[in-house]
Amino acid sequence: MNECNAPFGFPHKHLLGIEGLNPIEITALLDRAESYVEQNRQADKKKAVLSGRTIINLFFEDSTRTRTSFELAGKRLGGDVINMSVATSSVKKGETLIDTAMTLNAMHPDVLVVRHPESGSVKLLSEKVNCAVINGGDGSHEHPTQALLDALTIRRRMGEIQGLRVAICGDILHSRVARSNIHLLTTMGARVRLIAPRTLIPTGIEHMGVEVFYDMREGLQDCDIVMMLRLQKERMDGNYLPSVREYFHFFGLDYAKLEGAKPNALIMHPGPMNRGVEIDSEVADDFGRSAIHEQVEMGVAVRMAALEILTANLEHNAQRNL
Amino acid sequence: MAVKGDRMPGRVAYINARLLDPATGLDKIGGVLTEGEMIKAVSPKVTADLALEGVTVIDCEGLCLAPGLVDMRVYLGEPGEDYKETIASAGRAATKGGITSMVCLPNTDPVIDDMSVVEFVARRARLQGLTKVFPYGAVTKGLKGKEIAELGMLAESGAVAFTDGFHPVANAQVMRRAMMYARTFDLLICQHPEEPSLAVGGVMNAGETATRLGLVGIPRQAEIMMIERDIRLVELTGARLHIAHLSISESVEAIRQAKARGLPITCDTSPPYFALNEVAIGDYRTFAKLSPPLREETDRRAIVDGIIDGTIDCIASDHTPQDEESKRLPFAAAAMGGVGLETLLAVVLELHHNGHMSVLDALKFVTSAPADLLKLRAGKLVQGHPADLVMFDLQRGWKVSADKLLSKSKNTPFDGRLMQGAVTRTVIDGRTVFVAD
Numbered sequence: 001m002n003e004c005n006a007p008f009g010f011p012h013k014h015l016l017g018i019e020g021l022n023p024i025e026i027t028a029l030l031d032r033a034e035s036y037v038e039q040n041r042q043a044d045k046k047k048a049v050l051s052g053r054t055i056i057n058l059f060f061e062d063s064t065r066t067r068t069s070f071e072l073a074g075k076r077l078g079g080d081v082i083n084m085s086v087a088t089s090s091v092k093k094g095e096t097l098i099d100t101a102m103t104l105n106a107m108h109p110d111v112l113v114v115r116h117p118e119s120g121s122v123k124l125l126s127e128k129v130n131c132a133v134i135n136g137g138d139g140s141h142e143h144p145t146q147a148l149l150d151a152l153t154i155r156r157r158m159g160e161i162q163g164l165r166v167a168i169c170g171d172i173l174h175s176r177v178a179r180s181n182i183h184l185l186t187t188m189g190a191r192v193r194l195i196a197p198r199t200l201i202p203t204g205i206e207h208m209g210v211e212v213f214y215d216m217r218e219g220l221q222d223c224d225i226v227m228m229l230r231l232q233k234e235r236m237d238g239n240y241l242p243s244v245r246e247y248f249h250f251f252g253l254d255y256a257k258l259e260g261a262k263p264n265a266l267i268m269h270p271g272p273m274n275r276g277v278e279i280d281s282e283v284a285d286d287f288g289r290s291a292i293h294e295q296v297e298m299g300v301a302v303r304m305a306a307l308e309i310l311t312a313n314l315e316h317n318a319q320r321n322l
Numbered sequence: 323m324a325v326k327g328d329r330m331p332g333r334v335a336y337i338n339a340r341l342l343d344p345a346t347g348l349d350k351i352g353g354v355l356t357e358g359e360m361i362k363a364v365s366p367k368v369t370a371d372l373a374l375e376g377v378t379v380i381d382c383e384g385l386c387l388a389p390g391l392v393d394m395r396v397y398l399g400e401p402g403e404d405y406k407e408t409i410a411s412a413g414r415a416a417t418k419g420g421i422t423s424m425v426c427l428p429n430t431d432p433v434i435d436d437m438s439v440v441e442f443v444a445r446r447a448r449l450q451g452l453t454k455v456f457p458y459g460a461v462t463k464g465l466k467g468k469e470i471a472e473l474g475m476l477a478e479s480g481a482v483a484f485t486d487g488f489h490p491v492a493n494a495q496v497m498r499r500a501m502m503y504a505r506t507f508d509l510l511i512c513q514h515p516e517e518p519s520l521a522v523g524g525v526m527n528a529g530e531t532a533t534r535l536g537l538v539g540i541p542r543q544a545e546i547m548m549i550e551r552d553i554r555l556v557e558l559t560g561a562r563l564h565i566a567h568l569s570i571s572e573s574v575e576a577i578r579q580a581k582a583r584g585l586p587i588t589c590d591t592s593p594p595y596f597a598l599n600e601v602a603i604g605d606y607r608t609f610a611k612l613s614p615p616l617r618e619e620t621d622r623r624a625i626v627d628g629i630i631d632g633t634i635d636c637i638a639s640d641h642t643p644q645d646e647e648s649k650r651l652p653f654a655a656a657a658m659g660g661v662g663l664e665t666l667l668a669v670v671l672e673l674h675h676n677g678h679m680s681v682l683d684a685l686k687f688v689t690s691a692p693a694d695l696l697k698l699r700a701g702k703l704v705q706g707h708p709a710d711l712v713m714f715d716l717q718r719g720w721k722v723s724a725d726k727l728l729s730k731s732k733n734t735p736f737d738g739r740l741m742q743g744a745v746t747r748t749v750i751d752g753r754t755v756f757v758a759d
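Protein chains in written order, with the working numbering: chain C, 1 to 322; chain D, 323 to 759.
It is worth saying that the hints were derived from the structure and are not from the lab.
Some hints could be false.
[As the list claims (entries may be wrong)] A few chain D residues facing chain C, derived, Cβ under 7 Å:
| hint | residue |
| --- | --- |
| 1 | P432 |
| 2 | K463 |
| 3 | E469 |
| 4 | E472 |
| 5 | M475 |
| 6 | A477 |
| 7 | R499 |
| 8 | Y503 |
| 9 | R505 |
| 10 | T506 |
| 11 | M679 |
| 12 | L682 |
Glycine included, each C-beta is placed from N, C-alpha and C at the ideal position.
The following block holds chain C by itself, in its conformation from the complex (with noise of 0.2 Å):
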């Protein structure tokens, strides 16, 4: 696709990752969505934009309010959307994800929405079929709306993203909101720190620009942002953690740590939230610095730019190969 002429300056035909996406590109996905924030706070907050347009929400892993955040998208922009939960467990991986897609595939679909347990799945699916693709999350790998709707709500809050320091706490190394988010903060010009215990730091990851800390006060230190990720109930057994209670101790947000961030900081979850396990309940309902429902508000937002801007440019490659 010839760049100068994408419609929206967004030359990709699927919304895969953060990763390879440019300055431009991210600053073209946020002004659109930017757009949508006002509309979805009116009381008729429907458009035509996707009117015809059929978007499936193809779910491997359970998700309640990523598949809504997509569905209300897909049906305020007048798209026609439908959800489809696969329960992955009880069939054979590999096999069904391909037979899954080439089946839908046959059914003309505009867009797909695929999140998957395995990272990689979304792209390996995305070559099997002519509909355009956004990665719903996939493994640890990527999950680019979720990156993209924090960036917009600290676009709103802070004014830019260049120069802010980040820091991302918790557990980095299953996250595939931490990759989205390094990359595309980093790519934005902040300058990002990452802070867990040395068993959730995957290795070689300070090569992703980052630097990485194993203390919360010290890596807080002077942050503008501070982002919780979820920690998993099932790595606190006693394989990455000791304990519930230890974690909470050393790594659970709360205000003693939070003092050495900047007085205004800004706390970010990407929910659901585990309340006294990665934060304290004061800090999450915490109602000047805490953005974490205005994240959610911004996600259907964002949604809504990507769905239209891949349903354009599908259009746009269809009139170019007349």
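Given chain C's structure and the hints, the job is docking chain D onto it.
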């Protein structure tokens, strides 16, 4: 800390002593002045004149005065096996041995894998007012080798390092994660080097002697395999690792090379491994059944060489009390381990008497070296440090007699051995807690 009606020590001058402080290299005639629980001065100027100022003067009559010993590997038996040893009986044995600080293994019942047990042990020891006790925390919950214990919180409550004690952390992935996790807080993990699947069923060193005695051997490879594996895990994690009680020549060489490569690895050995070999088992003597087992004479010499060249950092007693019921059994059925608190100093002094090193250098392995490794405020004859002292006669001969040991269990592998060098007085926090008859 003064306890139970003991009167607070005032000012005491230990004069006319051969002062020995490995931390500062001090070896000259002089005296030590203590005030309350602390060392106030270490100097040739500390003399009998101080009596005029109301200082209690103790004349050492030319005997050696050194920092009290720090023993970094002791099994206390309490809680859980009080019939073998208690904090009180171990304290009495340790003070007789000139040991003023000891680090106890977590293999108790309940296991020291919970803050409450750390505090229990610390409190019990404080009440005794004898040798200070610093606990190891468990690396894994219940010493089961599966799940990482709460290392961070255990350290905050007073655990000075972490080990599964008699058991190695056998699973490499668990060990890797434990080391990674420990490094988050810069904690030290201490490993018993033995590949359990190779050692299973073994009761002594594998080789000719075991074959003649008809006993199942533990191959030396069980030790070196675990050490070599753990060296790789140090490479992977960057964590500090300490290997306990080296017993074979290959272990010394492996750690020598690892240190040369700059890896953060340290190790210790115990008196049996540089003063005895498997011949001590003789006719099925169960007191010589130890873990790791006594090895060959070439190994013993390699351990001595490792001590001399500094590859081995510390010497610990590896005190493992076993009651009669556990030792008066056929060799294969008997429990492993030997007591060592009361013989530690004398065996360490053999390194000097045998011409391997100066007294000062020998003392380093049981004073400043373990204190520095575990970051304990102990093991140094320095102003402002706790007044923990040992006075000993470098030359006095004595014979080890199991029956005369103060330890509740009598299982010494050195029974009947002639020793040179005896403790005459032990001082803890400025209080004299032991004086020889």
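Status of the hints after comparison with the structure:
1. P432: At about 16 Å, which exceeds the 7 Å cut-off, the nearest Cβ of chain C leaves the hint on P432(D) violated.
2. K463: Hint holds; K463(D) Cβ to chain C Cβ min 6 Å, cut 7 Å.
3. E469: holds (2 Å)
4. E472: holds (4 Å)
5. M475: Result: holds, 5 Å to nearest chain C Cβ.
6. A477: violated (11 Å)
7. R499: holds (5 Å)
8. Y503: holds (5 Å)
9. R505: holds (5 Å)
10. T506: holds (4 Å)
11. M679: Since the shortest Cβ distance to chain C is 39 Å, the answer is violated.
12. L682: Constraint on L682(D) not satisfied, violated at 39 Å.
Checked against the numbered hints given earlier, this structure breaks hints 1, 6, 11, 12; the rest are met.
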